[in-house]
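Now for the letters of each chain:
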Amino acid sequence: MMKLHTIKNKTIFAFIILTIFSCSKDFLDREPIDALTIDTYYNNYDELRAAVAPMYSTVWFEYNDKGSFSFGDCLGGNMINPWSYEEFVYFTYTSLNNTIATGWASLYRVVGHANIHIVNIMEKSSPSIPEEQKLQVISEARFMRALAYFYLARLWGDVPIITDNIALKDDYIVPLNRAEDVYQYIINDLNFAISNLPDSDPEPGRVTSWTAKALLAKVYLTFSGFNSTEGTRDEAMLDSVIYYAGDVIQNGPYDLMENYPDLFLTKNDNNIESIFAWQWIANNYGDGNSFQAYFAVSSDVTGCEDGWGGSVTATKGLAEMFTASDQIRRKATYMMPNDTFPEIMSSEGGYVHTGEGANIKKYVVGGPEDNDGQVHTMSAGNNTYILRFAELLLIYSEAILGNRASTTDAEAVEAFNRVRQRAGVSTRTSLNFMQIFDEKRRELALEGNTWFEIVSWWYFQPQEALDYIATQNRGRYLPGADEEPSDDYFSPPNSKMQMPYPESEVLQNPLFNEPPVPYDFGE
Amino acid sequence: MRKWIKKRGFTGNRPLYYERKISTPLIVFLLNFTVLTTFLSVVASAQEGELTITGIVTTDHDRNPAPGANIIVKGTTIGTITDLDGKFSLEVEQGVVIQISFIGYLSQEIVVGDETNFNINLKEDVTQLDEVVKVGYGTMKRSDLTGAVVSVSSEDIKSSASTSLDQALQGRAAGVLVTQNSGQPGGGVTVQIRGINTLNENNEPLYVIDGIPISGYTGDNTNALAIINPNDISSMEVLKDASATAIYGSRAANGVVLITTNRGQQGETQISYDGSFGIQQLPKYVNVLDLQEYATFLNEREEIIGFGSKPEFADPSVLGEGTNWQEEMFQVAPQQSHNLALTGGNEKTTFALSGSYLDQDGIAIGSYFKRYGVRLNIDNNTRKWLKLGVNLSVSRTDERITINEYDLLSEAIHQSPDIPVKNPDGSWAGPDDVFGVSNPVARALDTENARKRTQLLSNLYADIYFLKDFTLRSEFGTNISYLNKYRFEPSYEYGKVKNPETESSRIAENNFDWILKNYLTYNKSLFERHHLEVMLGHEAQAGIWESVEARRQGFLTNTIHEVNAGDILSSNAYSQKSDWALESYFGRLNYSYDDRYLLTATFRADGSSRFSPENRWGFFPSFALAWKISNEKFLQDVSQISNLKLRLGYGEVGGQNIPSYAYGSTMGNWATQYGSGFLIANLPNPDVQWESQKSYNVGLDLAMFQNRVEFITDAYLKKTDNLLLVLPMPLYTATDLDWSVAYIEPPAVNVGSLENKGIEFTLNTINMAGEFFWKSGITISVNRNKITKLVTSGSYIDQSIDVQTITRTAVGQPVGQFYGYITDGLYANADELYSGTHTAGAEVGTEAGVSVWVGDIRYLNLDGNDSIDAGDRTYMGNPNPKFSFGFNNTFEYKNFDLTIYINGTYGNKIFNELKRTNEDPMSRSGMLSSVKDYARIGLIDPDGDPDDIYNQYVTNPGTTVPRIVTSDPNVNNRISDRYVEDGSYIRIKSFVLGYTFPRKWTNAVKIERVRIYVNIQNLYTFTKYTGYDPEIGAQRQNVLKSGVDQGRYPSPRVYQFGVNLNF
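Just so you know, the protein sequences line up as chains A and B, in that order.
This note's numbering numbers the first residue of the first sequence as 90 and each following residue consecutively.
This note's numbering numbers the first residue of the second sequence as 23 and each following residue consecutively.
A portion of the hints provided could be inaccurate.
[Claimed, not checked] Computed cross-link-like contacts, DSBU-like style, restricted to lysine-lysine with a CA-CA straight-line distance of at most 30 Å:
hint, chain 1, residue 1, chain 2, residue 2
1, B, Lys332, B, Lys444
2, B, Lys180, B, Lys163
3, B, Lys518, B, Lys954
4, B, Lys546, B, Lys444
5, B, Lys370, A, Lys420
6, B, Lys716, B, Lys156
7, A, Lys213, B, Lys599
8, A, Lys114, B, Lys444
9, B, Lys1028, B, Lys370
Note that these hints are calculated values from the structure, not bench results.
All values derive from a computational prediction rather than experimental measurement.
Chain B on its own, in the form it takes in the complex (with noise of 0.2 Å):
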C-alpha cells in the first residue's frame, strides 16, 4: 500500500519556486508567478519556532482521502505519509516549505506560517503512467502498455451523467465512435473502434466486465449494457490495436472494452451518497402543417386531382390551429437517479457494496426505463498462498418501448391536424377514413410493450501463490439473465379505424452463459535488467438461451392484459431453444530490458461451435514492441520531457458473428391447412469459416512538464479478409433479409475484405494548476475504411428499403453509402421536359395525370443512354463522419467546479427518410409544412389552352418540391440525393458546474463531504439537419445501412441537480 514519491534532488539554496519554473509554458510560468508573490509576503510575515502541523490530503474535487500520501519538509529528508483517512502529522519550524506528493497527482507545496491546519487538495497529473490498468487476464503499469489501450476513469463517466456506461465513452476515447440509436430511455447504442470492422450485424465491441464477456450486439434498439449501472465502474480500459486484443481472439474483430468495477479498501467503511434529479425535454420540433395549412394545401390539391378535400375545409380562415401531434407526443418528463455505496474492509477482507436506482420516463409519452440494482465485491487473503474473491451484481430493469416499437413518433408527425386526441366526451378520436393514421396518442399510452429484465452477473476467481514468481488464477463466472416481455393490442375505434380484435402475448426467455478459465502467471526480474512474464491459459465457455411464449387474442375487456383473460380457444404457445459453445487456449509473453525495450506476443486459439468441425479451430498472434525513448540517457537530462514511447504492434483477432448452424439447415415449422408444414428456413453453407483481422498499429507517447501535458497518437492499418456476412442476395434467389412469409434466410458467407486506417490523436493539458485549475482533454479520431474485396460476382452489396436500393457497399469504396439518383431541380416548362431524357418506360408530356410533366424532378442521365434507369443510380453520400472529436474542459475555482463537454462528427451523411414519407404531396394525411411549396404549375398566356404542355411553366421554379398528381410516373420521391442532408453536428453534450461545500460546516453535522451540482445535458447542437437530431446511427445496429433517420426517438435535452455525499 506505500508509496513512496521519487527522491528529487536537494536544491540548495535556490529559491523554491525556480525549480518547478524552468521550461514550463508561459501561463504556468505566470500561475507560478502569483504562487511566488504570495509565498514572498507569506515568508516577510512569517516567525521562527517549532510548531505541529496536522491536515488532511484529499484527491480531486470528490475530495477522497489520500492515504499513504508523502508530506516532506522540502530540502530534508524529515517527513511523514498520511494515514488511512488522509490525514497527516508533523512538527516543523515556521516558516518551513511543505512539499505533498502522491503517485499520479500533482505535487503541492506550502509555506508553514501561521496556519497549523491543513486542507490539501491533489489534483490528478494527466498521464496516470504509474497507474496499474487491466489488460487480458492480467494487469500493466501503463507505463509498460506496449498496445494502444485507453482508459476512461470513474471521474469522467460520473460528469458524464449518462444513465448508460456505453454513452460515458462518447468523444473521451480517441478511435471510438459512440452513435445512441434512439434517444429513448435505455435505448440502443453503437459503438464503432477504430471503424467499420465488418459486415455483418454485430460491429459492437466485446465488454468484459469484471472478467465475465458480454457482447454489445442486441440486433435490435435497445441496450444490453443498460443493465449496468455506471456509479459501480472504476474504470474502462478500451484496448483499440490487435496486440491489445489478440489475447481475447475469436470475439475481438470490434476491439475489447473491460470494466472493472469498484473495490473495497482497507480502512474505516466509507459511505457514500449519489442522488440526482432532472427533467428531460425535446430540444427541436419538426415543421408540419397545421390545420389552417393543412385545409389550404388540401383545397390546392383536390383543384388538381379532383379529389381529396373535406366540406369542413372550404373555408380555412375559420379553422384554428388543429391537432399538434408532435405537441401531444411529446412531454416535459421526470428521472431521478439514487446511489449508495460502501466500502470498506481490513487486512484480510475488503469489500463495496453499492445499491442504486434509476427512474427515467421519456420525452415521449409512455416510454419509461427503471433500474435496480446491487453490487457486492469482496476479496479476502485466505492464506500466505490463497486469495480468494467474488463480484456479484444483480439488477432488474424495467423499460416501455411502445414508441419504438410501433413507430409512434413518424405517425405522429404523419396524422393530421384536422384529428383531435379526445372526443368531447373524453374518448380517443381518430380519422374519419378507415384509410388515416391511427391515434399515435392512444396508441403510446394503450398498447402495451413493456420488457422486464433481470441479470445476475457472478465471477468467483481464486489466486494461488505457489512456488515462487509462479501464480495460478481460477475463476468461474456466469452471466444469467431472465427477460419477460409483454405485449397488449387492446380493441379500440379511433375514429374509423377501429380494432375490435385484442391480443396479448408474454414472453419468457432465460439465457445461461458460463465461463471456466484458468491461467498460470510467470513473472521474474533477471540480472537486473530483464523482465520477464508469461501467462499460459485455458477457458471454456458455453451458453444456453430460452424463451416461451403464450399468446391469446378474444379479450373481453382492455383492464387484464394477462393471457388467462383471453379466449381459451386461440391459445398459442411456442417455445425455442438454442446453445453454443467455445474453446480457447491462449497465452502471453512479457519481456523488458532495462525498462527501456518492451516485447510483448500472445497467442490464442479459439474453438467455436459456430463452425462445421472442419472449419472450427482459428489461431490469433500478435506482437509488440515499445521503445521508452525517455529512458534512453540522451533523453534523461531534457526535463521537460517525462515520457516519451514509441509502439509497434501487429496482431491478428478473429470474428464468428453468424447464426448458431450456419453450416447446415433448419426446418421452420408453417400451419396450414394440414396440420404442420416444413419448410427450409435458410440456405445452408458448410464451407463458412472464421473471419480473420491483421493490424499494424504505431503509437506515440509524450508527455511533458512535468506531466502537466500528454499528447499521445497512434496510426493504425486494419485488414479484415473472409469478411462474414449474411449475404443479401437478389430476389430471384428466393432469400429475403427482412422477415417475410416463409422466406428463406441467406447462407452465411465469407465475403471478401475490407481495411480501415486511420490515425488518432489525444492531447491532455493541465492549463493552470493553482488555486484557479484548468484541465482540458480533446480526442480527434480519423477513420476511412474500403472494401478491398467481395467474392458476390457484382462485387457489391445493396441494402434497401421498400425494395429500393438505399445503400451500396461495393470494392474501392467505402462500406454503406448512399446509392441512388441525382436530382438537378425539376422541368420548369415544356422545353426543359423535352431537352431532357426521361424515366425508361415512363410517357412524356401525353398527359398531365399519366406522364412526365412539367414540375415533375429531372435526375441526371448519367449513363448517358437514352432513359433514366438503374444504370444512372450512384453514390450519394457517406454515412461515417471524416472525423469525430471531444472536447473536455474542467475549470475549479476553490469550491467551485465546472465541466463543459462537447462532442460531434465532421463530414457523414444521414438519409432523411422521414422527410420522403412526409414530404409526398400525395399523401393522405398529415405532412412537413415543406410541401406547400410544391411546383405550382401556372399558365403562359391565360386565355390559351390550359391543357397544353407548351403553355404550361413553374411559377415557383426555384422548389425542390415536385408538382401534384395522383399517379406520379416520374416517380418523384424515389430514393436520391433530394433527401441526403448534411449530418455533421456540434453538441454541448454537458455543463456540469458544482459546489463542493467547506468541510468545516460539513464536519458539523458529522459529514465528510458535500457537493451539489446542476448539469445540462444536450444543451445545444449546431447542426444543418433538419430532422430532430443528427445523430442517428445504424438501424438495429446494421453497419450496411446506418445514417438512415426513419423517425429516430430524439435524444432529450435534460436539466439535472444532484448531490454527492460522502460520511
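The shape of chain A in the complex, shown without the other chains (with noise of 0.2 Å):
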C-alpha cells in the first residue's frame, strides 16, 4: 500500500511540475500572422514601389469625396446645391463645418502616409536595394507631401509642419507653422523630387521629374504673390514658372488632347494631356472617384445607387462666362435642356437632359456599361486631373505677364492660343491678367481648381480678388424653368478668405490660437 501511494504521489508531482513549465518561452511571442509589418516590410523595389501606389489615389480619396469641389468650385462660385455645401457659395461656413474638417484631415493623411513611408524607407528598407531606386520612390512620396501641403496652405495659410507622426504620440500640441515656410518647405520636396525622379515611368500616371517640375511653377506663381505689399508679384519667382513651366512645354512629354470632351472619358485616363491625376479604380468605396455619386443627375444616369445631383446646378455666373462660341467646354461642363449626351446610357441611345436646372456634366461618365464595368456606386474609375497641359500653357502666359498689365510676348500669346483654339474659340494678340484668369475658369471649371485662381490673386491684390467675387453672380442657373431663380451676390468679409480651422482641433490644440512660429529647416 505504502508503495502504491508513493509511486501516485510521485506522478502527481511529476505532473504538477511538467505542467508549471510546460510553457515555453516563445508561448507568449504572437507576432501578427494575417498581416505584414513595418518590420517585415520594404524588402525590395516592388515593395517600395507598392508601399506608394495608394499615395495616387486612396490617400485623396476623402479630399476628391467633397473637400474638392466645396473648396474648388462651391467656394469658387462655379456650382450650387441650395440642400448642401451651400455654406461654401455664401461664405456661411464656420469652424464647425464637417467638409472642412474632412477636407483637412484627409491632406494631413497625406502627409502622414508619406511621412512614414519616407522615415521607413530611409531606416528600414533592406540594403540591396540600389540608393537611387530608394530616392525614386522617396521622391513620389516628397511629391504627394508637397501637392498636400500646397492645399493646406493655400486653404488655411498658417498650418503645422508634420514631420515625424510617431513621435506624435507623446506630445501632439505643436505650434502653427508660417504660411511662407510651409511654401518652402513645399518647394524642397519637389526640387527633391526633380533631382531623383526619371524623365519617364513605365506605369502610366506615376510621377517624373517633368510632373514635379509642373507642379513647382504652380506652386511658384502662386507662392510669387504672397504677402505682397505693393500689389505686385515676386520677379525672381515669375522667373521660375517661366524656366519650368518652358522647359516642361518645349522639352516635356505632354500636349493637348484634340477634342476637349475627350479628356473626361475614362478610357482616356492618363492621356497625353495628363500630367498629374489621381488615379482611380471602380472597386469599392474608397477606391474609385466619387465625384458623379454627387452630381450626376439621377441614378440612371450612373447605373448604380448613387446619382444624387438632382438639384446640383452651375451658377448663372459661371454660365456666363461661356460665349455663344464656346459651346464646346460649356457643354463639357454642364447640361442645358435637350443637350444629348451619347456617351451616357449609351444602350439607350444616349441621355437627353430634360427638368429646368443645368446640371453637372464635367466627370460625370455614366454606367457601367458606358465604361467597360469601370463603375461602381460611389467608386469610379475616371481619373481626377490635379495638373493638365493646358493649365500649364495658362501658367506659363500668366508668369510672362507677369507685373505687366498686358502683353503681347510671342511665347505668351501662343501658349494662350492653344488653349483658346483647342475649345474652338477665336484667339487673341494681347493679354491681360483678367483674359487669362477667365480663361483658367472656364477651362477648369468643376476640376476643383477656380477657388485657388482666387486665392493666388488675393495673395497680392486682395482688394481686387474680394471686388471680384462680389460681381460673381452665384444664383443657381435654372435655364428650363417658368420662373428665373434670383440672382444672388455675395461679399465675404477678407478673413473668409482662409479656411478656419476644424474647432475640435482649436479644442485639443490650443496653440492653434496663438501666433505661428517660423519653421526650422535645421541648416
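Take each chain as given, in its own frame, and dock them per the hints.
In C-alpha cells, the structure reads:
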C-alpha cells in the first residue's frame, strides 16, 4: 500500500512540475499572422513601389470626395446646391463645418502616410535595394506631401508642418508654422523630387521629374504674390515659373488632346495632356472616384445606387463665362435642356437632358456599361485631374505677363491661344491678367481649381480679388424653369478668404490660437 | 450531505412562541401574535395520544424537496431528518410542537393536532451565511468572505424572465450598473462594476462560466452572453473589490462575474419544464409631423426660403394623416421559450442535463433572435482519491440585426409622411426625389443582415486528493465558436431611390480559446483555533481567431442570396487571422483565528502576448482582513445580532485591453491602379505597458433578528494608473478613430489615471414570515469618478460626432461629460441681436439668408472674448448617474406569489442626437412635431420695410426651435445644451404574479408541482426624457461617448404567460 501511494504521489508531483514549466519561452510571442508589419516590409523595389501606390488615389479619397468641389468650385462660385455645400457658395461656413474638417484630415493623412514611408524607407528598407531606387520612391512620396501642403497652405495659410507622425504620440501639441515656410517646405520637396525622379516611368500616371517641374511652376506662380505689399508678384519667382513651365512645355512629353470632351472619358485616363491625376479604379468605396455620385442627375445616369445631383447646377455666374461660340467646353461642363450625351446611357441611345436645371456634366461618366464596367456605386474609374497641359500653358502665359498690365509676348500669346483654339474659340493677340484668369476659370471649371486662382490673386491684390467675388453671380442657373431664380451676390469679409481651423483641432491644441512660428529648416 | 441544525437551549415551560418573539420588530411581533392565537385555539381543541405524522418539506415557492431537513419535537431530542425526496415520518404525541429547520432557511414550528400529513414549505433566510460561494479558484463559506462579493440566485434570475443573464443582474447587485444598449432581441448590454474603471472601450467585467473566462466585450451592439441560457444558471457571484478579483489579475480590472451552472444531485431523477409565451410591444411613440402638419410646414417654409414644397401640398386640409412610419416599423411581436431539465444521479455519479429553446421576434419588423441550447454536467467520484467531471454546453443563436446595422429606426423618424409604404400595385414605394430617405420598412424586410453563432463551451476537471489535506485540481477548458454572417443588399427601386447593384457577402469566423490550469490547495486546522488554507497554481491560455469572407455583386434576382448566384467576375475574397496568449502564476493564503479574525492574501503574475517582451509581465497582489465581531464574547449574548462582520481589503489588478500587436505596426492592403498598395495601419507604441488599478474597500455585514434583516454596506476607493487607451488625437496627426479611407489607427498609450469612489447599500428584509410572506430587497449604488491625470498635452480627451466635439474627458472631471455650447433662448429682436456677441467669422444682421439674424439661437459667451468660438464650449452634463437603485418585493400568500421589481437611475444626462437631426427646420424629409414651434418672424410695423431688421421680431419668443434659414450662418444645430436632457428614470421592470396548484390536485396526474404565472416586463417607465427610452448606455460599449441617443432600439413592454412543471 505504502509503495503504491508513493508512486501515485510522485506521478502527481511530476505532473505539476511539468505543467508549471510547460509553457515554452516563446509561448507569449504572437506576432501578426495575417498582415505584414513595418519590420517585415520594404524588402525590395517592388515593395517600395507598392508602398507609394496608394498615394496616387486612396490617400486622397476623402479630399476628392467633398473638399475638392466644395472648396474649388462652390467657394469658387461655379456650382450651387441649395440643400448642401451651400455654405461655401454663401460664405457662411464656420469652424464647425464637417467638410472643412474632413478635407483638413484627408490632406494631413496624405502628409502622414508620406512621412511614415519616407522614414521607413530610409531606416528599414533592405540595404540591397539600390540607393537611386530608394530615392525615386522617396521622391514620389515627397511629391505627394508637397501637393498636400500646397492645398493646406492655400486653404488655411499657417498650418503645422508635420514630419514625424510616430513622435506625436508623446506630444501632439505642435505650433502653427508660417505659410511662407510651408511654401518653402513644398519647394524643397519638389526640388528633391526633380533631382531624383526619372524622366519617364513605365507605369502610366506615375510622377516623373516632368510632373514635379510642372507642379513647381504652379507653386511658384501662387507663391510669387504671397505677402506682397505693392500689389505685385515676386519677379524672381515669376522667372522660375517661366523656367520650369517653359522647360516642360518645350522638352516634356505632354501635348493638348484634340477634342476637349474626350479629356473626361474614363478610357482616356493618363492621356498625353495629363501631367498629374489621381488614379481611381472602380471597386469598393474608397478605391474609386465618388464625384459623379454627388453630381449625376439621377441613378439612371450612373446605373448605380448613387446619382444624387438632381438639385446641383452651375451658377448663373459660370454660365455667363461661356459665349455662344464657347459651347464645346460649356457642354462638357454643365448640361442645358435637350443636350444629348451619347456616351451616357449609351445602350438607350444616349442621355437627353430634361428638367429645369443646368446640371453638372464634367466628370459625370455614366454607368458601368458606358465605361467597360469601370463604374460602381460611389466608385468610378475616371481620374481626377490635378494638373493638365492646358493649365500649364496658361500658367506659362500668366508668368510671362507677370506684373505688367498686358503683354503681346509671342510665347505667352501662343501658349494661351493653343488652349483657345482647341476649345474652338477665337484667338487673341494681346493678354491681360483678367483674360488669363477667365480662361482658366472656363477651361478648368468643376476641376476643383477656381477658388485657388482667386486665393492666388488675393495674395497680392486682396481688394481686387474681393471685389471680383462680389461681382460673381452665385444664383442657381435654371434655364428650363418657368420662373427664373433670383441673382445672388455675396461679398465675403477678408477673414473668409482662408478656412477656419476645424474647431475640434483648436479644442485639442490651444497653440492654434497662438501666432505661427518660423519653421526650423535645420541647415 | 447531512446538515444538522444548531442545537438551541431547552426552553423549559416557557411558552414556545415566546422565544422567537424577543426583540423582533413590531411587524414580526404582530405576526407571531396571530400565530399564537391560532396555536392556542388549536391546543384547546387538541386531544392526547400517540400518532404517526408524515409529510414533505419543500423550499421556496418553487417547492423543491429539502433533503436532510431536521424535524424535532420541540424541547426534546426526539427527531428525524427528511429523505432525498424531502419526506419524513415520525411518531409523536398529539399536541406537541414540532420544529422544522434547514440550513439557510427560516425555521418553522407546527402544532400537531388532528392533521397527520404536513406539507411544509420553508422560506429562505436573507443572509445565506452558511451557503458555499464560489471565489476564484475555490469556494468559501459566505460567512468567511473577506472581500466584497455579492450573489444573485437562480431564483432572482428566473424571476427577471430575462433572455440574457447580464440583464438579470440589473439593480440586483449593489455596485453593478447594467445598461441595455439596445432593445433589439439579443441586443447589447453594458455592465459596469463600481464605475468606469478604464478609458478604453472594454469596461465590461470578465465572466467566468464554470471556469472558462469569457469577455463581455463585443465592440458592437450585440451581446457576448446572449449565447447562455439563464435557466441553466444556479448562481452568479459578482466579485467587486480587488481583494476578491486580484486572483484573476490582468483581466480583473472591471470586476469578475463567476457563473455556476446547475449540477446534479443524488436521488430520483428530477424532471422540470419551464415554458412561457409572451407578446411584446413598443411602449411609446415619438411625436412626428403627420401629413397635414408636414404639408403646412413645407408651405410655410417655402414662403420664407423660396423652394422646397410640393404642388400637391397646396391645400393641406384635403390631405389625410399620411404614413405613420413608426407604426409601420413597429409591431406586436411574439416570443416563446421552453426549457427542459433533468437532474439526478447516485452516490458515484450525478448529472444535470438541460435543453432550451428561445424564439423572440423584435418589436421592430425584420428583427429576431433565436437560441437553441443543450447542456450536460457530469460529476463522478471515480476513486477515493479522485473525482472527475465535465461541463459541456452547445448552443446556437440565430439573429437578424438589419434594423440596428442600418439605423432604420432613425430613418423611420426621418422619412416623410407623404411617402406611402407601398404603391397601389403592391410594390415598395419611395420618395419622388433621389435625395430622399429610402423606404425603411422595405429595407428592414428585404436587406439581409443576419448572424448565426454556434458555441461549444467545455471544461474537464479532475480533483485529486493525495496526501492528507492536499487537493490538486486540474482543468482543461475550451471555448469554441463558429459565427456566420450573412449580408445581402438587394436591387430595388423605392420611388426615385434606386439601387441597381446587388451585393452579397458571407463571412465565416471561428474562434478557438483554450485554458489549462492546475492548482494545489492545502487545507488544515491547527490547534483548534487556527485554520489555514493555501492555494498555488499555474495557468496557460491561448486563443486563435480566423475569418473568411466571400463577396460578389451582380445578382440577377433578389431571391437567391448565396454568393454563387452572383457575377463570378465580381468576386472578392478576404481572410484574417490573429492569436493571443496569456500565462499566469497565482496563489492565495487564507488564515482564520478562532472564527473571529480572517486574513486573505493573494498574488498573481500574468504574462501577456499583447505587450512587447520588455513590458510583458504584470504582478497583482492583494490583502484582506475581516473581523467577525458577532463572534466576540461581548456580542454573544446580544441575540438580536446574528452576524456582524467588518471587512478591510486592498488589492491590485490590471488591464491589457489594447489591440494585438499595438507595440508594433502592421501594414494595410489597399486596391490601387498599380495592384496592391501598402500603407501603415496603426501608429506603434513600443513602450505601452499594463494598466494597473489599486483599490481599497471597507465593508460591514450585519444580520439581525434571526437573519430576517440583512444589511450590507461597502465603501471603496479605486485608483487606476497607466490607463490604456487607443488615443484620440487631432486630425493633423493623420490618425482617425473611426474607419475612414486610408486611416491610421492611433497608438495605444498609457494615458493617465482616474479614480472611482463609491458607497453601496443592500438591505434585505423578511417583513412578514407567516402565511402571508413578504420579503424585500433594496440596493443602492453611488459612484463618483474623476480623472486625476492625463499625459496628453492638453490634459483632456475629446470624442466627436460628425467631427464636432460632443464629450470631453478632462483632468479633475468625471469621464465623458457632454461638452458644447450653452444656449440662452434666441434673439427675439434686433436690439437683442446687436447687444450680443456672435459666431466667429459670421456676419451679423446684413441679410436674412446669410447672416446671424433675429430668430437665431443665442449662445453664451463664456470666455468673454468678442465672438462665439471654441472657447465658449463647456461641460453640459454627466451621462453617468448620481446613483442607481433596485427595489424588489416578493409576496406569497397561500399558493399565490407576487414579485414586483423596480429599478432606475438618478441624475444622468442624455444627449438626444435624434432630436438634433430631426428637429432641424431645414430637413429635407420628416421631422419631429416640435419643429412646428420654429421661431416665426413678424413685422413690428406691417407697413414698414419688410427687410429691415429693426422692423422684425420673433412672434413666439419662448420657443427653443430657431428660425428657418437655408444656409445657417449661426449653426443653430451645433452641439449645445439644447439637446441635453435629464435621463433619470424609475422603471417597473417586472411584475410577476404566480399561482402554484395544490399538490393533491397535481399528484393525481403524477406531476409534483405546477406553477403558472403572468409576467409584465417594463410595465411602466417614469421619466422626463422625450426619446423612446431613457436607458441609452454606451454605443458600441465606448464609455467616452455614452448616453448619446442616436435612435436606440427601444426596450419592449412584454406580457408573458408561463408555466413551471416538476415531475
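Now the hints, each set against the structure:
{"no.": "1", "hint": "B:Lys332 to B:Lys444", "in the structure": "20 Å, holds"}
{"no.": "2", "hint": "B:Lys180 to B:Lys163", "in the structure": "24 Å, holds"}
{"no.": "3", "hint": "B:Lys518 to B:Lys954", "in the structure": "27 Å, holds"}
{"no.": "4", "hint": "B:Lys546 to B:Lys444", "in the structure": "77 Å, violated"}
{"no.": "5", "hint": "B:Lys370 to A:Lys420", "in the structure": "91 Å, violated"}
{"no.": "6", "hint": "B:Lys716 to B:Lys156", "in the structure": "23 Å, holds"}
{"no.": "7", "hint": "A:Lys213 to B:Lys599", "in the structure": "25 Å, holds"}
{"no.": "8", "hint": "A:Lys114 to B:Lys444", "in the structure": "65 Å, violated"}
{"no.": "9", "hint": "B:Lys1028 to B:Lys370", "in the structure": "28 Å, holds"}
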